[in-house]
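Q: Here's the letter readout for the chains.
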Amino acid sequence: MEIKELRGLRGVVAAVALLIIFVGVISSFIQLEGNVARGISEEYNKLAYRMAPNNLASWLYDYRGFDTLIETGVIYVGAVVSVMVIGRGLVGLKGMREEEEVAAAPPIALKTETMPVLLKYFALPVVILLLAYGLLVVTSASTSGGGGFQCGVIISSAYLLSVVAYGRRSPLNMRKKALVAFGALGWGLYTLIGLPGYLTTNFWQYNVGADLWSGLPSFPAAVPEAFRQIFGEPFKLALHLEEGVYYATSGILPIINVAEAFNVIGAICLIFFAFVYGWSDSAEGVEK
Amino acid sequence: MSETVVNLWSIPLLVVIPILTAIVLNLLYNRVRAIRVASVVSAAALLVVSIVSPYGLQWFTGQPGVASDGSYTYSTSIFSWKLSLEYYFGPLQQILIFTSSLLLLFVVVISTRSLKKDFGPYVAIMFLTYFSTVAVIMVNDFYHLWIVVEIGSLLVAGLVAASGAGSAQKAALKYTFFSALSGSGLAIALALILGITGYANISDAISFLMMTDLGNMYNVLYISFAFLMLSWIYAGGLAPIHPLKSDVYRSAFPHATVLLQAQSKVMLVAIGLVLLRMFGGLPFAREAMLSISLLTMILGVVMALIQTDFRWILAYLIVSHSGLVTVGISLGTPLGIVGGLFQAVNDIVYMSVLLLCCEMLLYFNNGTSIRSSGGIAKKVPWLAAFAILGAFAASGIPPFNGFQSELILIQAALGGGLPEVAAVILMVSVSTFIALFRGIYSIFLKPSTNPLPEGSESASSPPRGMPIILGILVAITLILGVYPQLALDFLTESAVKVVYVPWVP
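Chains as they are written, first to last, in the working numbering: chain A, 1 to 288; chain B, 289 to 793.
Mixed in with the good hints there might be a few duds.
[Said to hold, decoys possible] In silico DSSO-like cross-links for lysine-lysine, where the CA-CA straight-line distance does not exceed 30 Å:
1) A:K177 x B:K404
2) A:K94 x B:K666
3) B:K785 x B:K734
4) B:K667 x A:K177
5) B:K458 x A:K177
6) A:K94 x B:K405
7) A:K176 x B:K458
8) A:K176 x A:K111
9) A:K120 x A:K177
10) A:K176 x B:K405
11) A:K94 x B:K404
12) A:K46 x A:K111
13) B:K734 x A:K176
[Said to hold, decoys possible] Where chain A lies over chain B, by a calculated footprint (3+ residues, C-beta under 8 Å):
14) 314-322
15) 360-374
In case anyone wonders, no lab produced these hints; they're calculated from the structure. Just so you know, even glycine gets a beta-carbon here, dropped at the ideal spot from N, CA and C.
Whole structure, please, built from the sequences with the hints as guidance.
A: Structure follows, in structure tokens:
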């Protein structure tokens, strides 16, 4: 739709609709100010320290962990669909005459030889620093702000910077099949990490490492000690509180964060790859 | 209240199997045999799970509920606020998921035999579309409802764009752009409901509203109702965005449209029931829902009457019949809701028959235009027979299933003191018959006036087994038409719960 189409009656209707929505939303938020019901959030906050000092990690990857799995799926599906539009996995019925396919957009002409020398020398250390920062963010997801999403975005920007600065000779030159596999590994691992909880308790994604609830009388199953050890011990934390030192483990949360990071790296870099180089099934890594 | 299991084994399988299958199929990419085996086995497994599963809840991540005294419990006979994300699998879910699973199996069998090129990602998107369909009907949480609608919109765009045709990609892009509004609408509704109640769990939010005097916060509740309704309209393709959705239905391959229309109907049911449970008591809420439904029915069928392509006719009829589903839900009475739910099941089945017949026309008629050569009945009599039987079911002619659900809807409208709604339902039924038989006569029954030139027919034969698949689907329309109680037994409990105990999932 072009802007000129919004002139006249259609534009008036659109403007009035937007105005109504704007007034409705703003007046609601004004009314809610100071009146927000705390509801279940108080309970979440009360419990969070027993698992991960970073409350957000407990919220996102444990209490609401299955939500986040599907959000991760949104990123994965976004990449699959975007790259499909560029040309990966387009289909047709056998023996049918096809409507003319959309001409694929030409790859972006990256002229890295014209990049200033200073920038070329500057880019490599920045890429290394970004990679290190991404790893730091994902490994400390349970204890401080950050996590798999953030790590994925940081490492993707390192990839982007290296491709812009060095083109095909980028030190981070990941092949498209590897990027597809990264995304699959990420979403697949996140999905499968629900299996230990399911096999032992029938609750999908029950955090068998942290195991906060199997002591309750109404808990319907028992978590074997071996599962608690395997998924709990490696991620044990010592919390130094005024009341003393308290030990807790975030269990499967660090693994989920790593999976999340793989998914985001695979998805974002794949979209970027497809838009820069186009898509050709026959020539892996060769520009169109 | 009877004790319900909170760690039902089948619910995770119904959502995780399609996700894992999709990941594997996307990796397999162009390995035809492996894709075929993996997808058929997976679809068959999902069908079996949907049949054998008992009823119950799944509290994902296994966090307990918080009882009124602050203690934690896994017992459903004690009132508690849920910490976990909650899914429910009951009779309504079973019949809708069984129907979706059966269609997924059929569509996978058809597509893996009829597609060329690298169809791994395409079949992967089909499995994820199925995932969004089953998740949306089981979920009892606003936040998750939002995410499922969001991912569902993306998947629709993917299935449509996959053909690579210019018109399909344009339709997909337009739909993606506007369906973003659906997700945004739900996100705002969620934010406001969370602000008012503090609970994302739908049952908990309803319980909170019943226990609390909202005072002047009712305005905010109305705004959240409006946004949730906006997302209902966009997710289901109701008026006034029906042209976008019909464009999507027409642009995808007909076998993909089978899954897309099933997803839309199930989303309409899922969000519609949430609207009723949460806001059904608000003055004018049901009236607003009913108005949109009636408008959709009328606009859809009128547009279908003026089309000259069988695909377009079906696309608009799917939209119009979505209005039939929502009109029943909007009536808000147990009988009306049963009618709406039954209509959803029936509609999914008979539209699948017509869509698959439409796909066969691509092989036997070299197109779906009603101005094409005609005389297909002479060439492929079984296809003509299935198309006619499907059209009978869609038009509400006894003894097919459409008749039974439309009869219930008309009774519910009359019982609710709305004879004008009953008249519109009748009008839609008659107009559906005219629109469909206009197309069927031109394509199948009219003597061939302009035979296809030699060599212009499809070079490929249609996928094997299509008559069997169509036969099974037509048999279902007939069985449900003769013995509707078979489906009604699954639907009545849900309808009664929505009206009398809306806080129970």
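Q: The structure should be examined with respect to each hint, and the outcome stated for every one.
A: How the hints compare with the structure:
1. Of the pairs offered as hints, the one joining A:K177 and B:K404 holds, with about 21 Å between alpha carbons and a cut-off of 30 Å not exceeded.
2. A hinted pair counts as satisfied when its Cα atoms are at most 30 Å apart, and A:K94 with B:K666 qualifies at roughly 24 Å.
3. Straight-line distance between C-alpha atoms of B:K785 and B:K734 comes to about 50 Å, which puts the hinted pair past the 30 Å bound.
4. For the suggested pair B:K667 and A:K177, the alpha carbons sit about 46 Å apart, so the restraint of at most 30 Å is broken.
5. Distance restraint check for B:K458 and A:K177: the Cα-Cα separation of roughly 28 Å lies within the 30 Å cut-off, and the hinted pair is therefore satisfied.
6. As the CA atoms of A:K94 and B:K405 are separated by approximately 9 Å, the hinted pair is consistent with the 30 Å bound.
7. Restraint check for A:K176 and B:K458: the C-alpha separation of about 26 Å stays at or below 30 Å, so the hint holds.
8. Of the supplied pair hints, the one linking A:K176 and A:K111 holds, its CA atoms being roughly 21 Å apart against a limit of 30 Å.
9. Distance restraint check for A:K120 and A:K177: the Cα-Cα separation of roughly 27 Å lies within the 30 Å cut-off, and the hinted pair is therefore satisfied.
10. Taken as a hint, the A:K176 and B:K405 pair is honoured in the structure, with Cα atoms around 19 Å apart against an allowance of 30 Å.
11. Proximity of A:K94 to B:K404 is assessed by CA-CA distance (about 5 Å); at most 30 Å being required, the pair is judged to hold.
12. The suggested pairing of A:K46 with A:K111 is violated, with an alpha-carbon distance near 55 Å, which exceeds 30 Å.
13. Note on B:K734 and A:K176: the hinted pairing is violated, with a Cα-Cα distance of about 52 Å set against a maximum of 30 Å.
14. With 4 residues having a beta carbon nearer than 8 Å to a beta carbon of chain A, the segment 314-322 of chain B meets the requirement of three or more and the stated coverage holds.
15. Only residues whose C-beta sits within less than 8 Å of a C-beta in chain A count toward coverage, and the segment 360-374 of chain B has 9 of them, enough to reach three; the restraint holds.
When each numbered hint is compared with the structure, violations occur for hints 3, 4, 12 and 13.
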